[in-house]
Amino acid sequence: MPESPVLLRVEKLKKVYETGQGAVEAIGDLTFTVRRGELVCIVGPSGAGKTTLLKCIAGLLAPTSGSIELDGVAVTAPPKRMALVFQEYGRSLFPWLTVAANVGLPLKNSGVSRDQRMAKVERTLSAVGLDGQGGKYPWQLSGGMQQRVAIARAVAYDPEILVMDEPFAAVDAQTRADLEDLVRQLWSTLEVTVLFVTHDIDESVYLGERVLVLSSAPTFVQEVVEIDLPRERDQLSTRADPRFIELRTHILEQIQIAKRGDARTKGTA
Amino acid sequence: MTARRLVNGALYSVALPVLLLAAWAASPLFATNRFFPPPSRVAEAFVKTWLNESFVVDVLPSLGRLAFGILISIVLGIAVGALIGSFRHLRSFSEPVLEFFRAVPPPVLIPVLAILLGINDQMKVAVIVSGGIWPVLLNAIEGVRGIDPIMRETSRSYALGPVTRLFSVVLPGAAPQIMTGVRQCLSVSLILMVISEMFNSSSGLGYRISYFQANYLIAEMWSGILLLGLVGVTLSVLFQIAERIVLSWYHGLKEVERA
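Chains A and B supply the protein sequences, listed in that same order.
One point on numbering: in this note's numbering, the residue at position 112 of the first sequence is 112, and numbering is uninterrupted.
One point on numbering: in this note's numbering, the residue at position 159 of the second sequence is 1159, and numbering is uninterrupted.
None of these hints come from the bench; they were simulated from the model.
Incorrect hints may have been included.
Coverage of chain A stretches by chain B, computed from C-beta distances (three or more under 8 Å per stretch; other residues unrestricted) [claimed, not checked]: (1) 86 to 93; (2) 97 to 109; (3) 171 to 182.
From the three backbone atoms N, C-alpha and C, an ideal C-beta is built for every residue, glycine too.
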């Protein structure tokens, strides 16, 4: 398979926060690329500046130095063709809007007609397994279902790239497995690029085609792991696959090293 | 089950007023005081005083000015509050001044407004607004400022335009706090409606009540106070209905959170 063109390019990204107690270097020197149509997971120890990185990529936070390009265009404001899914679905969905209105709001904002919008919302809700839930309010749904609403909102926006910030950290294990499968399924049917941040090593191996392991702050890319598991994944067989176990053990080791902080910058990783 | 609960609720809420009325009616049996006429006397005065052309000459204009004053306070308070609340610099720039103006008791402005605007309806409405706007304005600022940062980031990341952001995110998000301000605005406005009619006035509820006071028309005076109380209760009922509609999502959310 020929390699697809680069969609997201992060180069020499550095972010320093000025606080009352002096400067805190959250991101040291991050360089990586995501190709169009890839599903890339980012894992790192807690405090590795994962959320900072995503906010920079999403154009919500200005980096101290370095550059981010989406489809060859520098990101300085939230890019039109990017959709974000936050960890805190309860604070990201608007509780005064119904599920359908939440999903449809970005479409309404970009001037999609009412009929088209409603059709699209209905299609998307059914794609994420929320048939017939459009009239409810998000807070009437369980946590997992609420995160499905947030995913539906992101997908209905027709993004080139879907950026997810630890989206399943707040749901229980079984719901989490279902949502992981949903992400894999949406990724392959919609041919969208996905950047998925998590602190869960198993999740990163299960979901990703490639896993970027971050060091602890000041952050750099400590290692890039190609996940050479079959494309069709399954909670039972994939997780029991010896190769899965090898990969997760390897990444776990890397995270241990990252936590101890004895990895050194290997030029541009 | 629910019917029984409704009946019970109704019984509970009318029990105290009935008891108080009974006590009032029974009071002349023990002592008479010309400043506290019995309810029958006040009811009679109520019918004679208000249920005639005075309703058109005094009550309706008063209520009209009250309604206007409340409406202007709410609309202006929300509009300016949303603006100030949305911009941090505007907030720190204007907040000390707002706190100062809020602290000025509006009745002292009546002579000033009378000179500026003349003695007319506009002046009386201005007096109502001069006090009624502050709770709405300050609560709107606070409500807009307090919108969850993740919701702000969500609307930024989906590039929501200013109009969508205002009507679909900012105002609904600030609505619970704004409604708190509106509730205070209603009671402040009623007080100011009365006060605005007590000086340099020749008609209106407030004027009539102070006239009755000055002329020892005690039962009539009490009937006016009764009418004011009824207006206040009506306002509060209307508010509760509006609040149930505007904040139905909020009450649902709170119920889920408590469960």
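Hints versus structure:
{"no.": "1", "hint": "86 to 93", "verdict": "holds (count 4)"}
{"no.": "2", "hint": "97 to 109", "verdict": "holds (count 5)"}
{"no.": "3", "hint": "171 to 182", "verdict": "violated (count 0)"}
Violated hint: 3 only; the structure is consistent with all others.
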